[in-house]
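> Guided by the hints, dock chain L onto chain U, whose structure is given.
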Amino acid sequence: GQSLEQPSEVTAVEGAIVQINCTYQTSGFYGLSWYQQHDGGAPTFLSYNALDGLEETGRFSSFLSRSDSYGYLLLQELQMKDSASYFCAVGSGYSTLTFGKGTMLLVSP
Amino acid sequence: DAGVIQSPRHEVTEMGQEVTLRCKPISGHDYLFWYRQTMMRGLELLIYFNNNVPIDDSGMPEDRFSAKMPNASFSTLKIQPSEPRDSAVYFCASRTTGAGQPQHFGDGTRLSIL
Numbered sequence: 029g030q031s032l033e034q035p036s037e038v039t040a041v042e043g044a045i046v047q048i049n050c051t052y053q054t055s056g057f058y059g060l061s062w063y064q065q066h067d068g069g070a071p072t073f074l075s076y077n078a079l080d081g082l083e084e085t086g087r088f089s090s091f092l093s094r095s096d097s098y099g100y101l102l103l104q105e106l107q108m109k110d111s112a113s114y115f116c117a118v119g120s121g122y123s124t125l126t127f128g129k130g131t132m133l134l135v136s137p
Numbered sequence: 015d016a017g018v019i020q021s022p023r024h025e026v027t028e029m030g031q032e033v034t035l036r037c038k039p040i041s042g043h044d045y046l047f048w049y050r051q052t053m054m055r056g057l058e059l060l061i062y063f064n065n066n067v068p069i070d071d072s073g074m075p076e077d078r079f080s081a082k083m084p085n086a087s088f089s090t091l092k093i094q095p096s097e098p099r100d101s102a103v104y105f106c107a108s109r110t111t112g113a114g115q116p117q118h119f120g121d122g123t124r125l126s127i128l
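These protein sequence lines are chains U and L, in that order.
Heads up: the first sequence begins at 29 in our numbering, then just goes up one per residue.
Heads up: the second sequence begins at 15 in our numbering, then just goes up one per residue.
With the rest of the complex left out, here is chain U (with noise of 0.2 Å):
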């Protein structure tokens, strides 16, 4: 089976890096996803890694490090519509992804 572990909550306050981490057990591999969610609204996707190393976009990066079972997420220039849960989720097979509990990034002024 799979299972992920990631912070349950995030506090950082506006033009702040932070860095959400994500530990994975998985009986195989298929890459690590990253999504976003606002409160009521649908998860959208931000980022996904196959192979070790840093994948950037825009103000969002995300590491992978497949030796640790470990990846992050990095968000720069923090603005206060960052704020919101964000899920790591590994590919458990081919086509689906097990999600991780979330993790609710409060921004402050």
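It should be emphasised that the hints constitute simulated quantities derived from the structure, not laboratory data.
There may be inaccurate statements among the hints.
[To be verified] Distance windows between CB atoms, simulated:
1. L:V67 to U:E42: 44 to 50 Å
2. U:D80 to L:G42: 17 to 23 Å
3. U:S36 to L:S21: 28 to 34 Å
4. L:T27 to U:L82: 24 to 30 Å
5. U:V41 to L:P95: 31 to 37 Å
[Unchecked claim] In the DMTMM-like style, the derived pairs of lysine to aspartate or glutamate whose C-alpha atoms are separated by at most 25 Å in a straight line are:
6. U:K129 to U:E33
7. L:K38 to L:E58
8. L:K38 to U:D67
9. U:K129 to L:E28
10. L:K38 to L:E25
11. U:K109 to L:D121
[Claimed, not checked] Stretch-level coverage of chain U by chain L, calculated; a stretch enters the list once three of its residues show a Cβ under 8 Å from a Cβ in chain L:
12. 87-98
13. 125-132
Idealized CB from N, CA, C, for every residue including glycine.
For chain L alone, coordinates are given in the frame of chain U:
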């Protein structure tokens, strides 16, 4: 382009009633997923289809739950009879074939069973 469309957005009904949730995936996507989200259990995969064929329904909690995909542009998730513990947000998502292709989620159906 239209995203994944779900209906209804909200549903409130009494225990024992039949509930039908509907989903229209993004055109051209050949995978469709049904999820349930609760505070306690997070986002759980219930069932998924590939080219309209159910592939894995091991996440469906009980026989009271059933899902169909009669064609590439429509799927339903049915609960009969409904129970208060079925109260949750139900999401439909679709994606295209290919490693790392993202899942695109609908806005969800917020279901309350009284």
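> Each hint needs a verdict: does it hold in this structure or not?
Status of each hint after checking the structure:
A hinted range of 44 to 50 Å for the beta carbons of L:V67 and U:E42 is consistent with their spacing of about 48 Å. Between U:D80 and L:G42 the CB atoms are about 32 Å apart, so this pair departs from the stated range of 17 to 23 Å. One distance hint, 28 to 34 Å for the beta-carbon pair U:S36 and L:S21, holds here, with the actual separation near 32 Å. For L:T27 and U:L82, the Cβ-Cβ distance of about 48 Å falls outside the hinted range of 24 to 30 Å, so the restraint is violated.
At roughly 49 Å, the beta-carbon separation of U:V41 and L:P95 lies outside the given 31 to 37 Å, and the hint is violated. As the CA atoms of U:K129 and U:E33 are separated by approximately 8 Å, the hinted pair is consistent with the 25 Å bound. With a C-alpha separation of about 20 Å, the suggested pair L:K38 and L:E58 falls inside the 25 Å cut-off, and the hint holds. Under the criterion of a C-alpha separation no larger than 25 Å, the hint pairing L:K38 with U:D67 is consistent with the structure, at around 23 Å.
For the suggested pair U:K129 and L:E28, the alpha carbons sit about 29 Å apart, so the restraint of at most 25 Å is broken. A C-alpha spacing of about 18 Å is found between L:K38 and L:E25, which places the hinted pair at or below 25 Å, so the restraint holds. Taking the CA atoms of U:K109 and L:D121, the gap is about 18 Å. The hint holds against a cut of 25 Å. With 0 residues having a beta carbon nearer than 8 Å to a beta carbon of chain L, the stretch 87-98 of chain U misses the requirement of three or more and the stated coverage is violated.
Against chain L, the stretch 125-132 of chain U contributes 6 residues with a C-beta closer than 8 Å to a partner C-beta. That satisfies the three-residue criterion, and the hint holds.
The earlier numbered hints that this structure contradicts are 2, 4, 5, 9 and 12.
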